[in-house]
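Visitor: Construct the complete structure from the given sequences, taking the supplied hints into account.
4 protein chains.
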Amino acid sequence: MKPIKQIDIKKGMKVDDLVKEMSSSGVFGAGRIARAADIFEEIIEDKECKVFFGLAGAMVPGGMKNIVIDMLKNNYIHVFVTTGANLTHDLVEALGHNHFQGSANVDDGKLHKEKIDRIYDGYMEDKVYITLEKFFDAVIDEFPRRKMNIKEFLWEIGKHINSKNSILRICYEKKIPIFCPGIADSGIGMMIWGNLAKGKKIAVDAFADLKEIVDITWTTKKRAIFYVGGGVPKNYIQQAMQFSDKQDGANYGIQITTDRPEYGGSSGAELREGISWGKMNENGKFVDVYCDATIALPLIYAAVKDRLKWF
Amino acid sequence: MKPIKQIDIKKGMKVDDLVKEMSSSGVFGAGRIARAADIFEEIIEDKECKVFFGLAGAMVPGGMKNIVIDMLKNNYIHVFVTTGANLTHDLVEALGHNHFQGSANVDDGKLHKEKIDRIYDGYMEDKVYITLEKFFDAVIDEFPRRKMNIKEFLWEIGKHINSKNSILRICYEKKIPIFCPGIADSGIGMMIWGNLAKGKKIAVDAFADLKEIVDITWTTKKRAIFYVGGGVPKNYIQQAMQFSDKQDGANYGIQITTDRPEYGGSSGAELREGISWGKMNENGKFVDVYCDATIALPLIYAAVKDRLKWF
Amino acid sequence: MKPIKQIDIKKGMKVDDLVKEMSSSGVFGAGRIARAADIFEEIIEDKECKVFFGLAGAMVPGGMKNIVIDMLKNNYIHVFVTTGANLTHDLVEALGHNHFQGSANVDDGKLHKEKIDRIYDGYMEDKVYITLEKFFDAVIDEFPRRKMNIKEFLWEIGKHINSKNSILRICYEKKIPIFCPGIADSGIGMMIWGNLAKGKKIAVDAFADLKEIVDITWTTKKRAIFYVGGGVPKNYIQQAMQFSDKQDGANYGIQITTDRPEYGGSSGAELREGISWGKMNENGKFVDVYCDATIALPLIYAAVKDRLKWF
Amino acid sequence: MKPIKQIDIKKGMKVDDLVKEMSSSGVFGAGRIARAADIFEEIIEDKECKVFFGLAGAMVPGGMKNIVIDMLKNNYIHVFVTTGANLTHDLVEALGHNHFQGSANVDDGKLHKEKIDRIYDGYMEDKVYITLEKFFDAVIDEFPRRKMNIKEFLWEIGKHINSKNSILRICYEKKIPIFCPGIADSGIGMMIWGNLAKGKKIAVDAFADLKEIVDITWTTKKRAIFYVGGGVPKNYIQQAMQFSDKQDGANYGIQITTDRPEYGGSSGAELREGISWGKMNENGKFVDVYCDATIALPLIYAAVKDRLKWF
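Those sequence lines, one after another, are chains A, B, C and D. According to our numbering, the first sequence is numbered sequentially starting from 59. According to our numbering, the second sequence is numbered sequentially starting from 59. According to our numbering, the third sequence is numbered sequentially starting from 59. According to our numbering, the fourth sequence is numbered sequentially starting from 59.
Honestly, the hints are just simulated from the structure, not real lab data. Any given hint could turn out to be false.
Below, simulated SDA-like cross-link-like pairs (lysine to any residue); rule was C-alpha separation at most 25 Å, straight line [said to hold, decoys possible]: (1) D:K343 <-> A:F158; (2) B:K280 <-> B:D306; (3) D:K205 <-> C:K105; (4) A:K280 <-> B:G252; (5) C:K173 <-> D:D273; (6) C:K105 <-> C:K258; (7) D:K269 <-> C:I198.
According to the in silico footprint, chain C covers these stretches of chain B (three or more CB under 8 Å from chain C) [claimed, not checked]: (8) 62-71; (9) 153-166; (10) 178-187; (11) 237-249; (12) 357-365.
Please read these numbers as outputs of a predicted model, since none were measured by experiment. Here a beta-carbon is modelled for each residue, glycine too, at the ideal position from N, C-alpha and C.
Guide: Here it is as structure tokens:
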């Protein structure tokens, strides 16, 4: 049996030093953070492995955008699945707006009068929707006049973004498949509704992306899943894993969640459960991290970034 | 100030007696259950009000199907939004399969070999997918040869279901709008992928339902939102509420969730937050119930059902 | 495999009918409520079994007092362990005060000026401390002039309570052992501090109760543990279980908690973990219920009360 | 309004660089970590302020011992309140044993046969109790033959510990008041029970420490509260704060918890609630951090340690 070494904190220690201390203690949440860093390092070093990254929760307003962009730029993400809300917030920032630091102990009626939309203790000015409208007014006629899948539709948006610091833009530039089955459920969705109402022809198929994600899963030697939050992004990748080469499922897995298994939902399900479905390989390396992602993701990512020699 | 009356338990008491005791105590979780029952009763009695019901989580395997069906049959739900998974599980049962009582303390590798898919402590035989395939093989050619929205597509499935005890069937029969923006993320989605691969023509638009849900919201005098879990179903209804008549938002709100606000995600957001966005009316009556939905929903529903004289 | 029967709600159904429906579904939180009811029924019917009941959390302000009193009166609890806070709140009510229904969305500075102490959405008038002082001033000289254990000290308080509707009073009258290792951490503790400061002689030993709880555990044929919340009450009973006859541990176990295992603390630990320590019998019947206790306890108790024929 | 700056991760970044990035984002969990670091830095720099530190949860097996010792050595903690379990685990390590890295997915019956006690995914050999017995056998006769308060009793244990790396030892050496109202609820408690059974005279008063903690609170110009977990340690400090100079309550507050407010218990209560009671100063600086303490505490502590110039 390996002893639990008590964590030592030293002045000026680097994030990876701290995570290595967590590895030496090895238990509870600290142990999980450390295992996630180890597994993510191994994923990156495994050149046969493609990373399927699912991002749910208000992670762009939550300050996680640049980490995702850094991962995309460095080819640590090969298939990106997220919510319409995160893409809308990404577009909002790409078009020049900020999200703001606010408070949850606030009179929401007052915020409403001031046209401030609250996202827990983050704020967004409601006027961003005017900017979004202008953007789509300006570019919608340049969208292809044929049926697209959602990935193509999102790349098309990315193509018209000038900012270099955008998830949508990077995915477009690097041709990283970006899937968002619930895209209608978002500000972007509402913009398309508005344009359809104006008689614009935008044809996006609800099912057509499935072929792409299944094809990638099927033809990839090894697969890693990395979930920040649950929801549709996690579940969509999970179902694709059932169609992996030799039905092997994912070879690596990291999940950061604040949900719990006992309520039965997909978001809280342990990665282990995926073994029964063939979504996770029985011999895979995986860990569930039970922590606010705005704490856990930067911690894990900073540790791993420090370890990569060729970085 | 109103005293907290200690809850008294009596032999043979009815569910509504218990919920009324909870109302007299009025605090913590018990108080929230009681307020939810009061608000739901008021919603049902308010004939000008339409109920937008969002259902996330594995609620069909979780035993909640018949409650949802009962609500649909009794016109307590006017707009139904859910996940692809719940509709797939509904279809699985409609085609003659059961879900099973299992255990989470189990060797998932062994389950995989036995072709049992685990949903926390519920099980599903993997062979249900063969049944789903046969069903779609038999009916897919009868689907309309035109572009559908997701609602029409789901009604079409409902039309071909023989079982009377099915959410999809009831929604079809009663022409209750059923929205599922993330439908591709489900077993039903995978069936359509399979049929597209075989060259079948199924055209379902990703955005077309938005017009319907916005139109309903816009033309309804009063609106109630009722969320079991968060995810896309909650968020999709929330965004529709912004387009309500006079931009009033929802007049009533009930949310049953096990998530929490501090992590910033939509699933854990208090209904109060919606006021800032114009999704919830500042003068609306609403309550957040923090409880496993398989406990809270039956409790609330049984209490309210008992109160309705004309029922 | 046993199918998951969908829960049916009927007009006028009794609480036990509902819990039996939950038993037929058998999964997630509903399944756990049902198993807890079944186990508690079996505990009560097992005449060789003594029940060790641990009560943590603000359960008296939370409306659970009368359920506890009913259990004590009916001999469903043989050893009672709780926090100093619950006993203080019990005494406050026994001396004629109420707790009140309030709100958590409130200006706490304003409450402070109004001399209202907040317990989430419950309120207590700060003047209850004056009543407590008067009570102890009136009775303290009648307390025995010898070293007491905490149980004797608490019975002594109970002896001087006139109200029949008090946990402290019932435990005194029925000579039910009441343990509260953390008694100093409470309003009652502060009253004793005040009297010690005034020169009164009250001598209560910190360790002396251990002999009593260990003796009871050691000499009891079968043991049931029932935890509402965790903290000291749970842990204190758990450690006593290690000293049970033949080192068998508890034969039955019910735990209602909102904590979770992964953070490593005792409050969130699964009852199963106790097997490794010899606190829980490997062949025991036990269940962890993950739910707000103000919802779960009344539900379970009402169901079981209905089942007892001789009640 | 201050923009939410997206968090940037750089190769080789120090922990404090990361926490400063979290400060720039400012929202959700990351924002709370950053505010806790800022407040803790300010606490340390405020020479008029005494720090009341409450430690609950299995934090010694969880790898947090050395951080606590470092804080004690550096005079960052002036009043230390914890559980009997943490002190027992501290003593176990001081007497030469380790805790071990294990697994929660394990057969607890098998562990029981192997005499391994499980603490979630940490293990402890049951034979530590033999070592504890030997220790007390060797030293108990040297304990004072007079009534002690719990603090004196714990210092007495510390006096007999040879290891320098022990919480109990450091508190004894530095005469840091260490309070543990629930000491009977622990392995140390059981050892005293054993010695009392053997006829040894150990007299420890349950209430006598209250005078000390109240006196310290009363005579201190400014007060900081720092809670790792809730339970008795938090509540005991909270009640002492009511007796602060000018009834000002705490001037600073940091709470790391995984509990939540809505269930009404003290462990999950927001620090803000303390304002109504006079436990927290209305103008105080405070933050609630919702995170596994084994992640949050090392992160905050490493950041602050880096900031202190004179350290």
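Visitor: Take the hints in turn and mark each one as holding or not.
Guide: For each hint, the structure was consulted:
{"no.": "1", "hint": "D:K343 <-> A:F158", "verdict": "21 Å, holds"}
{"no.": "2", "hint": "B:K280 <-> B:D306", "verdict": "9 Å, holds"}
{"no.": "3", "hint": "D:K205 <-> C:K105", "verdict": "42 Å, violated"}
{"no.": "4", "hint": "A:K280 <-> B:G252", "verdict": "23 Å, holds"}
{"no.": "5", "hint": "C:K173 <-> D:D273", "verdict": "24 Å, holds"}
{"no.": "6", "hint": "C:K105 <-> C:K258", "verdict": "44 Å, violated"}
{"no.": "7", "hint": "D:K269 <-> C:I198", "verdict": "18 Å, holds"}
{"no.": "8", "hint": "62-71", "verdict": "holds (count 10)"}
{"no.": "9", "hint": "153-166", "verdict": "holds (count 6)"}
{"no.": "10", "hint": "178-187", "verdict": "holds (count 4)"}
{"no.": "11", "hint": "237-249", "verdict": "violated (count 0)"}
{"no.": "12", "hint": "357-365", "verdict": "holds (count 5)"}
Consistency note: the structure conflicts with the earlier hints numbered 3, 6 and 11.
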